[in-house]
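Undergrad: From first to last, the protein sequence lines stand for chains A, B, C, D and E.
Note that the first sequence ends on residue 486 in UniProt numbering; no numbers are left out.
Note that the second sequence ends on residue 109 in UniProt numbering; no numbers are left out.
Note that the third sequence ends on residue 459 in UniProt numbering; no numbers are left out.
Note that the fourth sequence ends on residue 167 in UniProt numbering; no numbers are left out.
Note that the fifth sequence ends on residue 635 in UniProt numbering; no numbers are left out.
Hint data in this document are derived by calculation from the structure and do not stem from the laboratory.
Remember, it's a predicted structure, so these values are computed and weren't measured experimentally.
Mixed in with the good hints, there may be bad ones.
[As the list claims (entries may be wrong)] Calculated lysine-lysine pairs in the DSS-like style (CA-CA distance at most 25 Å, straight line):
#1 444(A) to 193(A)
#2 108(B) to 90(D)
#3 106(B) to 162(D)
#4 337(C) to 353(C)
#5 158(A) to 596(E)
#6 82(C) to 106(B)
#7 161(D) to 82(C)
#8 101(A) to 354(C)
[Stated by the list, open to error] Okay, the calculated beta carbon distance ranges per label pair:
#9 103(B) to 184(A): 33 to 43 Å
#10 66(E) to 364(A): 29 to 39 Å
#11 364(A) to 498(E): 27 to 37 Å
#12 135(D) to 86(C): 35 to 45 Å
[What the hints assert, rightly or not] Covered by chain D, according to a simulated footprint, are these stretches of chain E (three or more residues, beta-carbon under 8 Å):
#13 610-623
#14 627-633
Note that beta-carbon positions come from the ideal geometry of N, C-alpha and C, so glycine has one too.
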Amino acid sequence: MEILLLQIFIPLIAAAVMLIAGKSARSLAGVLSLLPLAVTAYMYVNFVPDASIQYLVNLPWVPQFGINFKAGVDGISMILLILTNLLIPIIILSSFKHEIKNQSAFYALIFFMQSGLLLVFTALDGFLFYVGWEIALIPIYFICALWGGQNRIQVNLKFFIYTIAGSLIMLLAIIYLHLQTPNNSYDIAEFYKLNLDSSTQGWIFWAFFLAFAIKMPVFPFHTWQPDTYTEAPTAGTMLLSGIMLKMGIYGVIRWLIPVAPLGFHDWGLTALVLSIIGVVYASIIAFTQNDIKRLIAYSSIAHVGLISAGIFAWNMQGLQGAMIQMLNHGINVVGMFFVADIIIRRMGTRELDQLGGIAKPAPKLAIAFLIIVLGTVALPLTNGFIGEFLLLMGVYNYNIYFAALAGLTIILGAVYMLRMYQKVMLGVTNERTTIFSDIDTTEKSVLLIVSVLIIVIGIYPQPILHISEAAISNLLEQVNQKILVQ
Amino acid sequence: MENVTQALQGVPLNHYILLSAIIFAIGVIGVLIRRNAIVIFMSIELMLNAVNLLLTAFSVHHNDASGQIFVFFIMALAAAEVAVGLAIIVMIFRNTNSTDVNILNKLKW
Amino acid sequence: MSSLITLSILAILVLYLGLYKAKNALLPATLLGLAGALVLAVLEWNGGAQPIYSGMMLFDNFAIAFTTICIFSTMLILLISKDYFESISEHVAEYYTLILFSLAGILVMVSYHNLTMLFIGVEIMSVSLYILAGIRKDDFKSNEAALKYFLMGAFSTGFLLFGITLLYGATGTFDLTQIRDYVIANPTGISPLFYTGITLLIIGLCFKVGAAPFHFWTPDVYEGSPTLITAFMSTVVKTAGFAAFLRLFLMCFAPLHDFWMPALLVISLLTLFVGNVTALYQHSFKRMLAFSSISHVGYMLFAIVALGVNSSNSVFIYATAYSIASIVAFAVLILVKRQTGADNFDSFNGLAKKNPFIAFTLTVAMLSLAGIPLTAGFIGKFMMFSTALAEYHIWLVILAVLNAVIGIFYYLRVIVAMYFKGAERNEIQSSSYFNFVLGFSALITVVIGVYPGFISSLF
Amino acid sequence: MSISLFYFVAFLSIFFALLVIFAKNPVHSVLYLIVTFFTFTIHYILLNAQFLAIVNFIVYMGAIMVLFLFVLMLLNLNESQGTSKSAIVKMIGVIAGMCLVITLVGSLKALHVSDPLVLQTQDLGLVKNLGKVLFSKFLLPFEVSSLLLLSAMVGAVLLAKKDIKQA
Amino acid sequence: MINLVWLVPLFPLIGFLINGLGRNTLSKSVIGLTGCLAVLASFIVSLGIFIELNASNTKSFIVPLFDWISAGTVKIPFSFMVDPLSALMLLIVTGIGFLIHLYSTGYMSHDAGFGKFFSYLNLFIFFMLLLVLGSNYVIMFIGWEGVGLCSYLLIGFWYTNSSYASAAKKAFIMNRIGDLGFLIAVFLIFTTFNSVEFAVIFPQAASMLAGDRALIIITSLLFVGAIGKSAQLPLFTWLPDAMAGPTPVSALIHAATMVTAGIYMIARSNILFTLAPQTLHVIAIVGLATLLLAATIAVTQNDIKKVLAYSTVSQLGYMFLGLGVGAYTGAFFHVITHAFFKALLFLGAGSVIHAMSNEQDMRNMGGLKKKLPVTFLTMMIGTIAIAGLPPFSGFFSKDEILAHVYEHNQLFWVLGVIGAVFTSFYMFRMMFLTFNGSFRGTTAQEHHLHESPSSMTIPLIVLAVLSVIGGFIGIPEIFGGGHWLQNFLSPVFAVSAGKMPHLTLDHSTEFILMAVSVAGALGAMLFAYQKYVKKGEVPAEDRIERGTLARLSYNKYYIDEIYASLITRPLDSLSGFFHKVVDKKGIDGLVNGFGKGAIEASKSFRLLQSGMVGFYIFMMVFGIVALLVYSMYKI
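Given these sequences and hints, build the entire structure.
TA: Pasting the structure below:
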């Protein structure tokens, strides 16, 4: 039995189990969510951190179109597997506090989405990648639209259509590449080998970039995101921000740049500039947001902008920074939204103006929140610092002025994050917040996991950096060579 | 019959095409300008007959009988269509007391 | 051929059954006969690639595949016809007979090898449909649908015939092989008659499949006809139309690609936009489906625009996916309309709570129509895009993608209504026939979506 | 003389066809249509398609047109129903029809088949010959078209008959 | 002992963890004991290290711990560096840190957040030690940001007061501005030297030419970092606001240790700065400007801690002035002495505030001399020290700086002396207002007046002693001293010293300079005495109109207001603009516009479907004609 198939299909089976689970769905979901994590742990233990692709699965799927079920794990994928399978249990655990209507469907959708995500992160076949890409989208649409807030229908419609518009364009590029391969294959290795002229690569670059940029989202394709994050149920927001947007980042690393290196050469700067504009722009908008989820949403745009900038700087530091920051951002943003959820659930409001002084009745929450905030503002010895340091260094190696601009996130991030922390936690309690009860065991365990991860990665990031190092440097070399030849 | 067939000699095929085209177009004009379903239907018959004539001409031109056979089938169709079409018109007349096609515009947008 | 004979006999048999008031035997007999025809058709697979009956018919795999899917779809539709026709009038047997006649015509359409047969097939199908559209005799809408369909259909037949005539004028034959030989033998000196004939044939066929600007009948007729007949028209008939279209162009006109391609390109784009854009602002689910069917015609035309080895495959898969999904949609529509008496989007509100199964199958169908992966519809779209891209119609495909996005918008509307909008409603009682059709269709949609291999390489 | 016969008949065909569509009274239209069909019969005779001429005469002029008349009478339609469209619509219709002719002919203008039509086989359109072809090569379509007629018959009865339910 | 250097930060970390986790369960005495012992243990180890280093021939040790970050060519080890500079700094941090911990056990004894306070303090010590010990810029940066965090936490210690919380936020953000400069400097250092390790960089830098562009940029950016951390113009306004924190915090973080991190960092990177004379010049000017500005503000402040805060800013300005003229030793000397007397002054002020039931306005004090004798005495020593009167510690360090300044630029010296005069004036003003005259507070306060407990006075006494004798570690040659400090630090500054012009002042000039500054300070003291003791003046109430200069000074030159209108408010409105106009109306409007456009198109498209057969057929004919036209041309 191929372990990777197990990894991908266990969630699918779990989804099926959920559908028939009925009342016990909740606890069952908690247990089942650990299985993929266990598989990942096994894979991680047996993973050799070199540039090779391991646990390769290559089954014919629709051979006459050159479509194979080809998937494998290298260092880049490994990190994302860890991210996905680590966060899903946390997200499921975090949803325990909610009274979810029709919970078996809810958890089934989450597991279904997990399968899609894992497919995206391991696919080595263009068609498979696209399929996974869309599979991940459908469940999250339903999660957000079924269990979301007031305007969920409108907002999610926009989100769905927006993202799918981008991905359809990407599909065109994939098909086009497929048609260019000598033996009409969807294999990514064949795509890498193609030598298309730079104008063709230019539009392929944009076709892919559009899909990824919308998913991440990069300025100016971001407007779906704050609304969606705000309206989605917390688990949905966590899935979206914690894992789903990494699909876009991963796509850039795995597909966009290696497949269209000349396109990247011509247009990478534009993408980089957009990313950096996004960093500053979203940060500034976050300054005055009064809705806690919206504020986090904008902060996420800023952070993802930095990750994207690091990638488009296309050097070791930027890429490694992006790799580790994907993990970090996932952890931090999930923690952040979880705290937001705790507050929203107890207070019934997302307005910062109506909160305040929660640190007094809920000191434990305050500490956890502080750690998460610090991780988000990239304080040294938290995970965020490792990522942002490397990312900024990567951008710096590209251009010092860009680094200075992107580096503003260090200041601006502190401004809006601390503002939020102050507005929520500090100050005097008002009549709403005095009765705030501190976190209970479930919440505590989620926050403990998140906090510990934030600090442990911040103190000792080397094991994670090590996973992707060889793969990244290999990729880097491959692409640079292609650009150089030109 | 001998002398009749002699008459054929000399008429260019083009003129048959032209004649058919004109009749066909007259049929189309009829469909366009009339509101009475039955007259529209008659115009369509005109179009079919134009085709028939042209087919026969081509059949003669190619010295091939299948063209004329085809005309035969078209006539069969015309008969069938007339039966069905008139039945529909009668049915509608029962309901609306009219054969004006413009009265029927409940289905739109 | 044997399936055609079976169908003809079956039709008459059913007529007699009606005569002897054996009402309960009608549906089983029909289904049984159809199943027999299906089996007979499948048995001929890889049987003969030679035209038979003096070159009138050619039962190649193309014909058999489309025969199969047409019969199969018809069976699904008839399965949900239980109690449907009874509610219209007493002449149930005649309705079955007409459907079977129509199907016989369709079988002729997908396997013709002579323009005579094409013409006769088209007409058998159409004449039956004119009648079927109007079987709700006391319903104004049904009347209107029948009249519109009839007048415009007859009108377009004129053009089809004119086109055939001109082809005959140029080649002196109705036989497809000979026409192809004519094209190949005269690479330069092809008669203008021939070209104009092609143009007129395009017009006639575009009308039959409902491509813009010859699509105007579609929404009105689809809306006005009894839903079951609409289901038949928008699935089986459309599939057959495309099979006929494709067969002609694939066999005869492929070398003249440069002549007709731009025209069809424009038509297909126009169709896409008209269908999709108009569908956006519909309140009636049924009418939305009508417009969406127009847009699907636009996608299917891709296969003809980018005519190539994959075209038949693409059209086949697309038509299959589209038919099955549409059948689900219409089946649910029948159920909903039976309960609420309306066919607008609002009457679907809250369906998911009361009838999760029905809602789920309709969701699968809608996702399939929208072209979301792991459904058959995606494979269909995917193949269409591949086919078109292979011929470097990049802009066409990009515009098509734009349309696909618009399409998603209105397909989601019904999902939104079912899942996200609440309404006071009771559970819909659906018979096991319905449940079977819904479940089975959804299953097929997903199976094709997950593993398209088994129908994607038929030709 | 014989050539001019064709042109004369052709002129009559067009003339009566025009009368069909422009006659105010539907009954007149039917009558003009019958005349038009008669001119077609003459054309068939000119083309030595005797069988078609007879069929045209019997089926069209006889059966079909009588059916038309019959329905018209049955529905008791006359011009008073004002079933004609406004002048503008008519103008547009005529212009569109003209355009159609022009383009149709125009697209055939490069036609080199201007050679006179010559009847190569005298008995091409005779019953004997046609029968042979019809029942050999075209046997299948002939048989299949029975389906067409049958379905039309069933349909016509179905639609035109008054429903028992309603009665 | 040096190999055990990791113990030094470890103890406070353990202390932090114990106190942090047990903040609610452990008793106050245990907490206090843990907190103090942790720092004391560090101090003892530091002392051992210091002794060992003093005895050793090698003056620089690197203790690697583990690989921290490596990405491609970037390899950043987690390792510590022990050399005279860090060893001395260790002693200051842990020594003064211990005293302040001790003091806090008394000062904070009634506070509910006792455990939290000690855990934060320990955490601060931990980060400060990381900053000091880091063997490369990145580890230093960890500490650098970490102390910023602790500063944030401790300023906002009483978080329920939202202006305190805002002050904390302000401090963090202003520090962050500097940190960005620091960070970019680190990147530039890495690209220039291919390493961030001090031991690798400095030898390489030594071989570079003075005025190298890269060096100038690096040093400028580092200096930006130092500006933020050490509260120089234009980023100094956070420091006075930081007085919102508990007074021991002000003493430890915002006077003795953290704020001197900038000086430490520049001293650490002295070779880079030496080779970037332009930057040094800027540093000198900034330092000078800051010292004058802060000194003039301090003159009119009425909050006892605010006076000390501005005085700190001003003294930091001296240190930067010293650095700017290349007097690294002098600047560092001043760091040490300043740590002694400023910690002392703050703790003394804390003692006063403690006694006055948290009253901080000097206008409500007066005549406390008798009630708080120990506090008065020790604070007077501190004041004399800071005023630069011999032979107290401040005199030596300040005059060493001023001597270098004189040699460098005489105008700077004049301004520096003016600053010293102001210093003397406002310090004595503070002393006289607080301790002389009659009590001006409420009767309840008067009733409550008492000398602080011994846990608070002992640190005061120790620091007072240090303030007196601290100067003797750096007695200049003219007093026959060997300047032990200079010798001890010489390995650190050796290369720089080689590249700098040597001090060439003759002794007479030096004496004159000292005399002038001492005279100035004495004069200012006498003036203050005249004004506040003899005449018994009390500063005016807030509502009283002031003269222009006084108003400017009293309102801190409106710098906060200027920042608000130049930066904060424009940014906020920009935020609103981006959000409401660009995002909502612009981009989102465009996106929605597509949807709306499609719907609108749909609305009009559907009208084509008019329901009229005639129209349909007309459209069909239109299409047919179009197609025929097409084929007409195509044939």
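Undergrad: Hint by hint, note whether the structure agrees.
TA: Now the hints, each set against the structure:
no., hint, in the structure
1, 444(A) to 193(A), "50 Å, violated"
2, 108(B) to 90(D), "23 Å, holds"
3, 106(B) to 162(D), "23 Å, holds"
4, 337(C) to 353(C), "17 Å, holds"
5, 158(A) to 596(E), "12 Å, holds"
6, 82(C) to 106(B), "28 Å, violated"
7, 161(D) to 82(C), "24 Å, holds"
8, 101(A) to 354(C), "14 Å, holds"
9, 103(B) to 184(A): 33 to 43 Å, "57 Å, violated"
10, 66(E) to 364(A): 29 to 39 Å, "31 Å, holds"
11, 364(A) to 498(E): 27 to 37 Å, "56 Å, violated"
12, 135(D) to 86(C): 35 to 45 Å, "42 Å, holds"
13, 610-623, "holds (count 4)"
14, 627-633, "holds (count 4)"
Checked against the numbered hints given earlier, this structure breaks hints 1, 6, 9, 11; the rest are met.
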